[in-house]
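Colleague: One letter stands for each residue in the lines below.
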Amino acid sequence: MTGAVLWVALLAACLAVAAIKLVGHLLPKHWLAEPAVARVAALVTVALLAALVAVQAATSDGRVVLDARLGGLAAAVVALLARAPFVVVVAAAALAAALLRWAGLP
Amino acid sequence: MPARRGTTPAVAAAVRQALSVAVATGLYGISFGALSVVAGLSVPQTMALSLLMFSGGSQFAFIGVVGAGGAAGAAVATAALLGVRNALYGPLVAPRLAVHGARRLLAAQLTIDESTAVAVTQSDPAASRARFWWTGAGVFTLWNAFTLAGALLGDAAGDPRRYGLDAAAAAAFLALVWPRLSGPGAARARLVAAVAVAVALTTTPVLPAGLPVLLAAVAAIVVGVTWRGRVATP
Numbered sequence: 001m002t003g004a005v006l007w008v009a010l011l012a013a014c015l016a017v018a019a020i021k022l023v024g025h026l027l028p029k030h031w032l033a034e035p036a037v038a039r040v041a042a043l044v045t046v047a048l049l050a051a052l053v054a055v056q057a058a059t060s061d062g063r064v065v066l067d068a069r070l071g072g073l074a075a076a077v078v079a080l081l082a083r084a085p086f087v088v089v090v091a092a093a094a095l096a097a098a099l100l101r102w103a104g105l106p
Numbered sequence: 107m108p109a110r111r112g113t114t115p116a117v118a119a120a121v122r123q124a125l126s127v128a129v130a131t132g133l134y135g136i137s138f139g140a141l142s143v144v145a146g147l148s149v150p151q152t153m154a155l156s157l158l159m160f161s162g163g164s165q166f167a168f169i170g171v172v173g174a175g176g177a178a179g180a181a182v183a184t185a186a187l188l189g190v191r192n193a194l195y196g197p198l199v200a201p202r203l204a205v206h207g208a209r210r211l212l213a214a215q216l217t218i219d220e221s222t223a224v225a226v227t228q229s230d231p232a233a234s235r236a237r238f239w240w241t242g243a244g245v246f247t248l249w250n251a252f253t254l255a256g257a258l259l260g261d262a263a264g265d266p267r268r269y270g271l272d273a274a275a276a277a278a279f280l281a282l283v284w285p286r287l288s289g290p291g292a293a294r295a296r297l298v299a300a301v302a303v304a305v306a307l308t309t310t311p312v313l314p315a316g317l318p319v320l321l322a323a324v325a326a327i328v329v330g331v332t333w334r335g336r337v338a339t340p
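Chains as they are written, first to last, in our numbering: chain A, 1 to 106; chain B, 107 to 340.
Next comes chain A alone, as it looks inside the complex (with noise of 0.2 Å):
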């Protein structure tokens, strides 16, 4: 994307999330009180997310590309499990995978 062109998008995507905040401000609480629809929102969450870690940890350029990146996810891993705050687990993986690289790991 070109700079021009990112800015629009940027500011397209910034209007779609307010504007969905705001709906659920104005929108009759019975609206959106229904299970299916805290299910499916919740569903929708984990999908996105679980499929962005997918295509950072192990995609470049449109290929499947295994990596330093999974060492450092796998960091990650280790420090969720202890329970560490998000910024220890973000800073573990980078950690673990320059350390990788270091090592010559591609």
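Simulated from the structure, these hints should not be mistaken for lab results. Ideal placement from N, C-alpha and C gives every residue a C-beta, glycine not left out. Hints are not guaranteed to be accurate.
[Claimed, not checked] Across the chosen pairs, the derived CB separations fall in these ranges: (1) B:G207 - A:S60: 42 to 52 Å; (2) B:R122 - A:R83: 51 to 61 Å; (3) B:A119 - A:L105: 48 to 58 Å; (4) B:S288 - A:A19: 58 to 68 Å; (5) A:L81 - B:T247: 28 to 38 Å.
Given chain A's structure and the hints, the job is docking chain B onto it.
Modeller: Quick look at chain B alone, frame taken from chain A:
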């Protein structure tokens, strides 16, 4: 039975809790700022996301799709879909706030995971209102301040791979989804996550960047809903 003035300690406690949540959440603004710049956004673009979008999951998703070379439409759609859960918070917080006009717009913009979670833990209306506004305003302030710090750091870091920042992006999404994969009833969430990962990886070589994530979400939701139906009727 607390007297009218008895709400003051409750409000003070609300402020204290709000600030601790704001500090914890704000801190991960550093990683967002750094990863956004690494994904190819400028510092002003990064700040625009934190100021105007102000929803961590959607912001990370937007820069994730952009960083992977995805199209504008895919980036917008992914960010918007991840923002859908915020719509469900409105009915929880709106009756506690009872605001209108410009204040309602402000309340809506501050309606995120953290402000909602902190507000709904209190049944006392005054304490609940204080929790929402203090958490929302506190997170907004620190999230943006730390986003700027992270963006400037990321700008100075140079090659992101050398510092493992590409792995940090994956870890950020994992940390966001992690709490949703444990606890009661999380088996369905784990199945949906597994399907999403499988679909995203298998379709990456054949689809334009950005679309595998959206397709994975659709497929995983279909599987998740179907699977629940089978369990419900033994």
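Colleague: Take the hints in turn and mark each one as holding or not.
Modeller: Checked hints:
Checked against the hint of 42 to 52 Å, the C-beta distance between G207 of chain B and S60 of chain A comes to roughly 48 Å, which is consistent with it. For the hinted restraint 51 to 61 Å between R122 of chain B and R83 of chain A, the CB-CB distance of approximately 22 Å leaves it violated. Remark: the range hint 48 to 58 Å for A119 of chain B to L105 of chain A is upheld by a beta-carbon distance near 49 Å. One distance hint, 58 to 68 Å for the beta-carbon pair S288 of chain B and A19 of chain A, is violated here, with the actual separation near 32 Å.
The beta-carbon spacing between L81 of chain A and T247 of chain B, approximately 32 Å, falls within the hinted interval of 28 to 38 Å.
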